[in-house]
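Participant: The residues making up each chain are set out below.
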Amino acid sequence: MALTPILTANWDKPKSWTFDTYTATGGYQGLKKALKMAPDEVINIVKDSGLRGRGGAGFPTGLKWSFVPQNDGKPHYLVVNADESEPGACKDIPLMLANPHALVEGVIIASYAIRAKEAFIYIRGEVPHVIRRVSDAVEQAKANGLIGKNILGTDFSINIVVHAGAGAYICGEETALLDSLEGRRGQPRLKPPFPAVAGLYASPTVINNAETIAAVPVIVLNGADWHKSMGTEKSPGFKLFALSGHVERPGIYEAALGTPFSELLEYAGGVRKGHKLKFWIPGGSSVPMLTPEHVDIPMTYEDLQAAGTMLGTGTPMIFDETVSVVRAVSRWIEFYKHESCGKCTPCREGTGWMVGLLEKFEHGEGKHADLDLLHDISAQIAGRSFCALGDAAATPFPAAMKYFKDEFEQAETIAPHTVFPFEKSHKFETASVS
Amino acid sequence: MTQVVENKETAAQDLITCTIDDIEIQVPKDTLIIRAAEKLGTYIPRFCDHPALAPVAACRMCLVEIEGMPKPQPSCAVTLSEGMKVRTQLTSEIAKGAQEGVMEFLLINHPLDCPVCDKGGECPLQNQAMSDGRPDSRFEIEKRTFDKPVELSTEILLDRERCVECARCTRFSEEIAGDKFIEFLERGTKQQIGIAEDEPFNSYFSGNTVQICPVGALTSSAYRFRSRPFDLVSAQTTCEHCAAGCNLRTDYRRETVMRRLAWEDKNVNEDWNCDKGRFAFAYLKDKRVTRARVMGQAALLPDAVEYAAQELTKHKGKVGVLTGGRLTLEDAWSYSKFTRVALKTNNVDFRNRPHSQEEAEFLAHSVAGGIITATYKEIESAPSVLLVNFEPEEESPIVFLRLRKAVANKKTKVFAITHLETKGLTKLGSKNILVRPGDETKLVRDALAQWSNNTNNLIEKLHSQISKPGSIIFVGERAAVIPGLLSALVELSTATGAKLSWIPRRAGERGAVEVGLLPNLLPGGRVTTDEESVAEIAAIWGVDVKDLPHTRGLCAEEIIDAAISGEIKALVLAGLEIKDYPQPAKLLAALEKVEFILSLSINESDLTQKADVVLPVAAVTEKAGTFVNWEGRPRPFGKAMTQNKSLSDSRIISMLADAMGHDFGPLTTSDIRQDLSALGVTARNQGKAPKYQAGLIPSLGDNQMLLSTFNQLIDDGALQAGEPHLAGTRRETVAKINAAAAEKLQIKNGETLTVTTSTGSITLPVEICQVADSVIWLPTNSAPSSVRQILNAHDGSVVMVSKGLNA
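Top line first, the protein sequences correspond to chains R and G. Residues in the first sequence are numbered consecutively from 19, following our numbering. Residues in the second sequence are numbered consecutively from 695, following our numbering.
Since the hints were made in silico from the structure, they are not lab data. Where a beta carbon is used, it is the ideal one built from N, C-alpha and C, also for glycine. It is possible that part of the hints are untrue.
To be verified - One side of the interface only, derived from the structure: several residues of chain G facing chain R at Cβ under 10 Å:
no. : residue
1   : A748
2   : P766
3   : G795
4   : I835
5   : L879
6   : E880
7   : Q885
As the list claims (entries may be wrong) - Here are the simulated DSS-like cross-link-like pairs (lysine-lysine), alpha carbons at most 25 Å apart as the crow flies:
no. : chain 1 : residue 1 : chain 2 : residue 2
8   : R       : K420      : G       : K765
9   : G       : K765      : R       : K209
10  : R       : K378      : G       : K884
11  : G       : K1121     : G       : K874
Looking at chain R on its own, in the form it has when it is part of the complex (with noise of 0.2 Å):
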């Protein structure tokens, strides 16, 4: 397999992010073309292109589109979800900044699809310099008659907003998204009602992640059987792969699904150099992390969930020898005690009490039956929680202890800073970044 480069195709041009350098290697020719179909031959397009959703969970990305109930007299409304926080995510962001105008043209596209006349793009409040730029993308289509009333002679209108988080990894729950969009505290909804019926403001939505979107302009203009003469039968496409942790060119590697993960670490340069992988993981922290035997598996949806894993975001971190799973554990942990939005009893109470625990373990003093109680913890929290971040927050310890329980049992004596030093998990060599 090789790097498809069509999202990233023009990431290495000057000013990539420009609406001139997008349109002169034909952008907006999707719209175009979209816009002299029948808004039903959009969704089926995009059905046939068997495109799943990349924020995690790779739900079919038409079958979305055609559950928003036509003729129902209530607006319709398009939300993409670029609230990127997940730990080792590093897509959409890099995305919307060298390329924001797939994103745009991509959500003209949906919203012309769904019937929807106003379509809102979320994005982490965190990067001030993507949201700048993915509003100038914004505002140089609506300059170009791309975005506004009737736009290219048509009768299809669209307004897009763009919408800052303010710092919630909650708010990448597509319904916690839409109360934060409200106004509300950003908090998961009940589910049913589904989005696709009762959404933002009450009304018909979909949900999308920023990835997903700007992969439909190319899709529409080239054909669903383009897009299915990548990757695999139930992975077609192509995927922004981010690696990240250590490896000689960590960044984002564009290729079809279905690239074995020994490929990609191929082509960010392998391993640092004098080192070896210990462990990785395919798709954020919130996915169940492999080891070095699972290095040849393909990377779709299908393999990696045959794995016990998932192919989640698509952004694999890399992990040497000198890191100390407990310690990595112990982090991640961490993150979704502080993320949890604190509705649900298991994931408010859960993730607290584990970090307590692990940070016995981080300083050499866990107990062996406090291994048991992470365990009944984890599994107490997983499938019980009101939304994935609770299952997220229950992945990591059990995964890790199928492949290192020698290392928490070590770390009941022995702190894990003394056997795996920090600075050995160090990147660059100290001085260089000093």
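Position chain G relative to chain R; hints supplied.
Facilitator: Coordinates of chain G only, in the frame set by chain R:
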């Protein structure tokens, strides 16, 4: 008395068949699992679930296993569907394990301070920790701590450590009361209930959150650390504070009421009550009249009764009886009988507030005789409700809650003919027609005369709505002083078919109307001038018809005037306050003039100080009785504090009558109830519809405005005495005028203005809001705004208004 017959829910609902713990049941579709399980007798543990609140599924305590679903599901939020197989903790290890896990989580950071917690002994967390928790704790790290208690208002205190964050309180405040004063702050393990800075939880319904809190996180200042539930004796009572007729639970210990709770009654108050009903009971203990008194000297009760009887006999036929609006139906009956039989007069009036002859006729025609026009339940199905000179949140808060529920269900539209927009009306989404006091009659009559070509869109809309079957017109006590308004409303009701319901402010008013504590009315809606009716009543009372008066008596104002002029020589007063009267100064003058005053009173007051004979009577918790609520629904209650030896008004009246040579029997509650049931409804609706014309609004000079005023729910009312925590949650005492008036006065929001009449002046900060032109609103009885005492004024009175302090 007529019983309210509720409409049976006959709607044919589709039943579905499913199983819970292998037991097959049939339930209407859309039934929540937790509710269906309750019907089977299976209690699924829960915290956030409350039948009156929308589900949130936040606490996760009620997880159950559903066949075919990979994860346990919250039974409080999932509805049953055909063929669903549910397993609760009784038959499912998954459900049991999930519940135990959640219980463990809930307890890890809980302070476990049950031995000192108000809730200990009646705490769902404590109970369910026993039934579903682990015997010991696995939590060995430090607990989360917070400062406590946090004062959400002077009345409500928050203990954040005990909170399980079920959101019942926040949901109640938002969904039911519409007072979004409390909300979650922070997130995750730091999540907590809080208020905005400088905006305390001053909701009229805040006490309900203490009651529905499933732990001891919310407590009331008044009750905190005062008692343990297992030391309390509980009795079912009816609230004495307003005409809502709330079902209450009164908890007392050693003959002292410790607290009061709302007791569910789906037909009336549902699960709720207001803070006044919940917290205002210190008067039961404070400043009680404990001994009989004659001329300021303590006396034995029989001696005092004997003396009073002699004096009243001396003045027979020249006695006025003022009873106020707080008597039970049974006591009111005794006063009615005593006045007619022993005192030989119809000079009796319960209305210790601005009133009119027109109102008396209206009450005889449209209210007396057990007439039931609308009910709480009918509010929910009414297409529209018109409020006339009636502010539901301030004057009948449970009616407000029911209206709010009806509006939230999107079935009911609310219109108001009002002098100003209020918070309560805003929360009801009411379409308000602003009028000056005095213009209401013309508005209603004009509207009636020319619905179709009326240029006012709102009136057009009101017409199309109010004509829909099931619509209701609510009119309050203040309509009495607007000439022609009650007459016009009767016409409006007749023309549109809308039900016309009178909602008085006090608990005893409807009962007083029913037993004829009015100069024109005898019990059961019979008028005093109708021979046949008088004969019927004479038969029930066991007296000769010739011994009863046959003319209309004097109303309260006339009694006072007659006392001043010397025609009335003696007064019998039942638990009144001087400041309630439309013209307190005149009542004072009357008290000075008359030769004899008998006061039957629970508490000492400025009035008992002036009485020649004071007789102590039982408060509501010390006797059995009945309040008839605004619906006309009798709300009987038993004697709460069974050991108490106080005598009811009726028992005292029986002694008085006896001393005057009339054998009324002992006038026990059961005796009276027997007499009441003999009343029947044969003579109902004897009165003729009032036909009065609108009055003239005086032309206003410079700096003159028309007064609008009503009592705020929490104010200086006598029954709220001695409860500073409740008083701290009262609404700001401000004068309200509109922007045009403010401009004319050159006054800004928050600056002070002074309202003056010939008798005095009141200085208050001003709030500029939506008020009718040239109208100024003042709270009636919220110091320093004691409108009747200081200004001697009521709705429609002309007052002088000036900026600043100078009058």
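Participant: The structure should be examined with respect to each hint, and the outcome stated for every one.
Facilitator: Hint-by-hint comparison with the structure:
A distance limit of 10 Å between C-beta atoms decides the matter here; for A748(G) the minimum to chain R is near 9 Å, and the interface restraint holds. Satisfaction of the interface hint for P766(G) is found here, the shortest Cβ-Cβ separation to chain R being roughly 6 Å, below the 10 Å cut-off. Hint status for G795(G): holds, given a least beta-carbon distance of 3 Å to chain R, under 10 Å. Checking I835(G) against chain R: minimum C-beta separation of about 4 Å stays under 10 Å; hint holds.
Because the smallest distance between the Cβ of L879(G) and any Cβ of chain R comes to about 9 Å, under 10 Å, the interface hint for this residue holds. Interface hint status for E880(G): upheld, as the beta-carbon distance to the closest one in chain R is roughly 7 Å, under 10 Å. Given hint, Q885(G) at the interface with chain R, holds; its Cβ is 3 Å from that chain's nearest Cβ, closer than 10 Å. A distance of roughly 22 Å separates the Cα atoms of K420(R) and K765(G); the hinted pair therefore holds under the 25 Å criterion.
Only pairs whose Cα atoms come within 25 Å are accepted, and K765(G) paired with K209(R) is accepted, the gap being roughly 14 Å. Between K378(R) and K884(G), the direct Cα distance comes to roughly 21 Å. Compliance with the 25 Å bound is thereby established for this hinted pair. Pair hint K1121(G) plus K874(G) holds up; C-alpha atoms about 11 Å apart against a cutoff of 25 Å.
Figure legend: structure checked against the earlier numbered hints; every hint is met.
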